[in-house]
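Chemist: Spelled out from the first residue to the last, the chains are:
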Amino acid sequence: MDRRLTFDIFRYHPFTAGTEPRMQAFHLRETPGMNIYAALTRIREEQDPSLMFDFVCRMALCGSCGMLINGRPRLACKTFTRRLPDRITLYPLPVFRLVGDLSVDTGEWFRHVALKTGAWLHTSRAFEPVAPEERMDNETVLKVYEAERCIECGCCLAACAKVHIQPGFIGAAGVNRLARFMLDPRDERSAAQYFEVLGSQDGIFGCMGLMGCEDNCPKDLPLQLQLAYVRRTMAAAGLGPRGN
Amino acid sequence: MYLELAGLVTGVLLVAFLWTHAFLVATVVFGPAAFDGMARFLEDYYLSHAGIGLGLVIGLVHVAVVARRVPAGYRAQRTVWRLAGKMRHTDTYIWALQVVTGLVILVLAAAHIWVVLADWPLQAAKSALRVQTGYLSFYLILLLVAEYHAAAGLYRLLVKWARFRRRSLARAIGAAAAFILSVNLAALWALFYFGGVR
Numbered sequence: 001m002d003r004r005l006t007f008d009i010f011r012y013h014p015f016t017a018g019t020e021p022r023m024q025a026f027h028l029r030e031t032p033g034m035n036i037y038a039a040l041t042r043i044r045e046e047q048d049p050s051l052m053f054d055f056v057c058r059m060a061l062c063g064s065c066g067m068l069i070n071g072r073p074r075l076a077c078k079t080f081t082r083r084l085p086d087r088i089t090l091y092p093l094p095v096f097r098l099v100g101d102l103s104v105d106t107g108e109w110f111r112h113v114a115l116k117t118g119a120w121l122h123t124s125r126a127f128e129p130v131a132p133e134e135r136m137d138n139e140t141v142l143k144v145y146e147a148e149r150c151i152e153c154g155c156c157l158a159a160c161a162k163v164h165i166q167p168g169f170i171g172a173a174g175v176n177r178l179a180r181f182m183l184d185p186r187d188e189r190s191a192a193q194y195f196e197v198l199g200s201q202d203g204i205f206g207c208m209g210l211m212g213c214e215d216n217c218p219k220d221l222p223l224q225l226q227l228a229y230v231r232r233t234m235a236a237a238g239l240g241p242r243g244n
Numbered sequence: 001m002y003l004e005l006a007g008l009v010t011g012v013l014l015v016a017f018l019w020t021h022a023f024l025v026a027t028v029v030f031g032p033a034a035f036d037g038m039a040r041f042l043e044d045y046y047l048s049h050a051g052i053g054l055g056l057v058i059g060l061v062h063v064a065v066v067a068r069r070v071p072a073g074y075r076a077q078r079t080v081w082r083l084a085g086k087m088r089h090t091d092t093y094i095w096a097l098q099v100v101t102g103l104v105i106l107v108l109a110a111a112h113i114w115v116v117l118a119d120w121p122l123q124a125a126k127s128a129l130r131v132q133t134g135y136l137s138f139y140l141i142l143l144l145v146a147e148y149h150a151a152a153g154l155y156r157l158l159v160k161w162a163r164f165r166r167r168s169l170a171r172a173i174g175a176a177a178a179f180i181l182s183v184n185l186a187a188l189w190a191l192f193y194f195g196g197v198r
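If you read the protein sequences in the order shown, they are chains V and G.
Number 244 marks the last residue of the first sequence (our numbering); no jumps.
Number 198 marks the last residue of the second sequence (our numbering); no jumps.
Since the hints were made in silico from the structure, they are not lab data.
Treat the hints loosely; a few may be bogus.
SDA-like mimics (lysine to any residue), calculated; alpha carbons at most 20 Å apart, straight line [unchecked claim]: (1) 143(V) with 126(V); (2) 86(G) with 94(V); (3) 86(G) with 119(V).
The following label-pair restraints were derived from C-beta to C-beta distances [claimed, not checked]: (4) 162(G) with 52(V): 37 to 45 Å; (5) 45(G) with 185(V): 50 to 58 Å; (6) 82(G) with 149(V): 27 to 35 Å; (7) 192(G) with 149(V): 19 to 27 Å; (8) 45(G) with 71(V): 52 to 60 Å.
So the derived list for chain V, only partly shown, Cβ under 10 Å to chain G, looks like this [as the list claims (entries may be wrong)]: (9) 58; (10) 61; (11) 70; (12) 164; (13) 168; (14) 181; (15) 185; (16) 186; (17) 191; (18) 193; (19) 195; (20) 197; (21) 199; (22) 231.
Glycine included, each C-beta is placed from N, C-alpha and C at the ideal position.
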């Protein structure tokens with residue numbers, strides 16, 4: 001404790017004319033229980049009000065504050081300074097469009113992938129608001145929830161070599177999101193229909209199994225097993241009889 | 001998908017080839033006669049012709065279907081190495097080394113196959129002569145590189161398809177690779193010390 005921390009922070013406002021990307025150093029005294037989010041807030045309030053970074057919930061639920069902390073994709077609110085060296089480097093997440101400084105637009109990426117893959121519940125049945133809810137057995141619910149825990153912070157994508165070199169690849173977040181609907185008995189899509197969006201180099205077969213996603217997931221999602229489940233299902237669908 | 005499956009199947013077959021090869025070569029531990037007997041047996045039933053021929057074809061198919069995974073452009077190469085360096089992420093390093101060892105194998109295995117075929121038939125004395133006349137380091141390098149590539153490939157394949165977590169997979173494959181490596185080293189040691197002596 002009582003360390004003097006140095007934060008090297010990436011500064012760039014792409015929408016302001018005449019600015020160049022640069023690194024700027026800030027100094028702070030470490031306080032008990034300090035996380036990167038708290039440190040950034042103090043820097044903005046006490047030293048530079050123009051510093052841009054994203055946050056909403058402060059407790060690893062919203063997925064807004066993903067950034068590269070000493071080179072690794074992490075949530076600023078879940079990363080404590082006591083586990084880091086005296087010098088901390090902060091970059092915005094790669095892959096996504098830069099808004100300014102540490103702030104990126106993850107929503108654009110996720111919306112694009114969701115539209116491309118049809119990542120919502122596909123059902124022909126009309127919603128009846130007064131009817132009792134359909135029951136689902138506990139095991140299925142737990143599986144769906146496990147995939148549903150993803151907060152779409154984008155850390156898995158920033159940690160994936162394939163996402164970096166193949167912009168069309170939907171990454172672990174995209175595959176996991178579709179796995180959620182594959183597991184859901186209310187979704188009426190057949191395996192062959194899922195194969196249309198997942199059975200390609202931009203889908204599950206683009207994955208090289210480097211596991212940067214799982215090792216950097218702030219929510220500790222079981223992405224290895226999730227990807228393997230989708231891969232097996234899609235290989236079976238691809239080898240099986242064609243047609244819907 | 002077919003490329004993915006082809007990479008998987010050829011990879012598994014090559015690992016099977018490599019590990020069978022290890023045990024066959026290791027017969028030399030029981031003396032040159034055992035090795036020569038094994039070689040003659042394989043030859044008599046055309047098993048070595050079939051094995052080497054199939055191995056070559058499968059190896060070339062494997063190269064053709066997995067090479068697409070290697071980042072082709074300079075930009076992509078730079079991106080991957082930078083990412084790996086920044087994140088200091090073990091599995092990404094393992095993969096990068098898998099790619100490098102694959103390229104090394106392509107060159108060294110070609111030389112190895114050429115030399116063996118040019119000096120047909122297989123005999124312990126000839127193998128021993130090769131190992132004893134300064135090519136020990138060549139075989140040590142080829143052995144380490146091939147075993148690493150096989151283990152890393154098998155690990156990656158199981159990570160991608162299996163229902164188990166990675167830790168247990170890594171331990172199991174590490175143990176298997178260490179065992180095969182020691183079998184191979186024993187064979188090399190035997191060739192180096194008494195392979196040529198009858």
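Chemist: It remains to establish, for every hint, whether it holds in the given structure.
Modeler: Status of the hints after comparison with the structure:
Restraint check: the Cα-Cα separation between residue 143(V) and residue 126(V) comes to about 25 Å, which exceeds 20 Å; the hinted pair is violated. Distance check on the hinted pair: residue 86(G) and residue 94(V) sit about 12 Å apart at the alpha-carbon level, within 20 Å; holds. A distance of roughly 32 Å separates the Cα atoms of residue 86(G) and residue 119(V); the hinted pair therefore is violated under the 20 Å criterion. For the pair residue 162(G) and residue 52(V), the beta carbons lie near 43 Å from each other, so the given range of 37 to 45 Å is met.
Distance hint for residue 45(G) and residue 185(V): a CB-CB separation of about 55 Å, consistent with the stated range 50 to 58 Å. Between residue 82(G) and residue 149(V) the Cβ separation comes to about 30 Å, which falls inside the hinted range of 27 to 35 Å. In this structure the hint that residue 192(G) and residue 149(V) lie 19 to 27 Å apart at CB is violated, the actual value being about 56 Å. Separated by about 56 Å at the C-beta atoms, residue 45(G) and residue 71(V) satisfy the suggested range of 52 to 60 Å.
Evaluation of the residue 58(V) hint against chain G yields a violated restraint, the C-beta minimum of about 25 Å exceeding 10 Å. For the restraint placing residue 61(V) at the interface with chain G, the shortest Cβ-Cβ distance is roughly 24 Å, beyond the 10 Å limit, so the hint is violated. The interface hint given for residue 70(V) is met, as the beta carbon of that residue sits about 9 Å from the closest beta carbon of chain G, less than 10 Å. The criterion of a C-beta within 10 Å of any C-beta in chain G is met by residue 164(V), whose closest approach is roughly 5 Å, and the hint holds.
Given hint, residue 168(V) at the interface with chain G, is violated; its Cβ is 14 Å from that chain's nearest Cβ, farther than 10 Å. With 10 Å as the threshold, the beta carbon of residue 181(V) stays out of range of chain G, its nearest partner Cβ sitting at about 20 Å, so the hint is violated. Below 10 Å, beta-carbon pairs count as interface contacts, and residue 185(V) has none with chain G, the closest being about 21 Å; its hint is therefore violated. The interface hint given for residue 186(V) is violated, since its Cβ lies 25 Å from the closest Cβ of chain G, which is over the 10 Å cut-off.
At a threshold of 10 Å, the smallest CB-CB gap from residue 191(V) to chain G is about 13 Å, leaving the interface hint violated. Look at residue 193(V): its Cβ only gets to about 15 Å from chain G, farther than 10 Å, so that hint breaks. The criterion of a C-beta within 10 Å of any C-beta in chain G is met by residue 195(V), whose closest approach is roughly 8 Å, and the hint holds. Interface hint status for residue 197(V): violated, as the beta-carbon distance to the closest one in chain G is roughly 13 Å, over 10 Å.
The criterion of a C-beta within 10 Å of any C-beta in chain G is met by residue 199(V), whose closest approach is roughly 6 Å, and the hint holds. Because the beta carbon of residue 231(V) sits about 6 Å from the nearest beta carbon in chain G, less than 10 Å, this interface hint is met.
In summary, the numbered hints that this structure violates are 1, 3, 7, 9, 10, 13, 14, 15, 16, 17, 18, 20.
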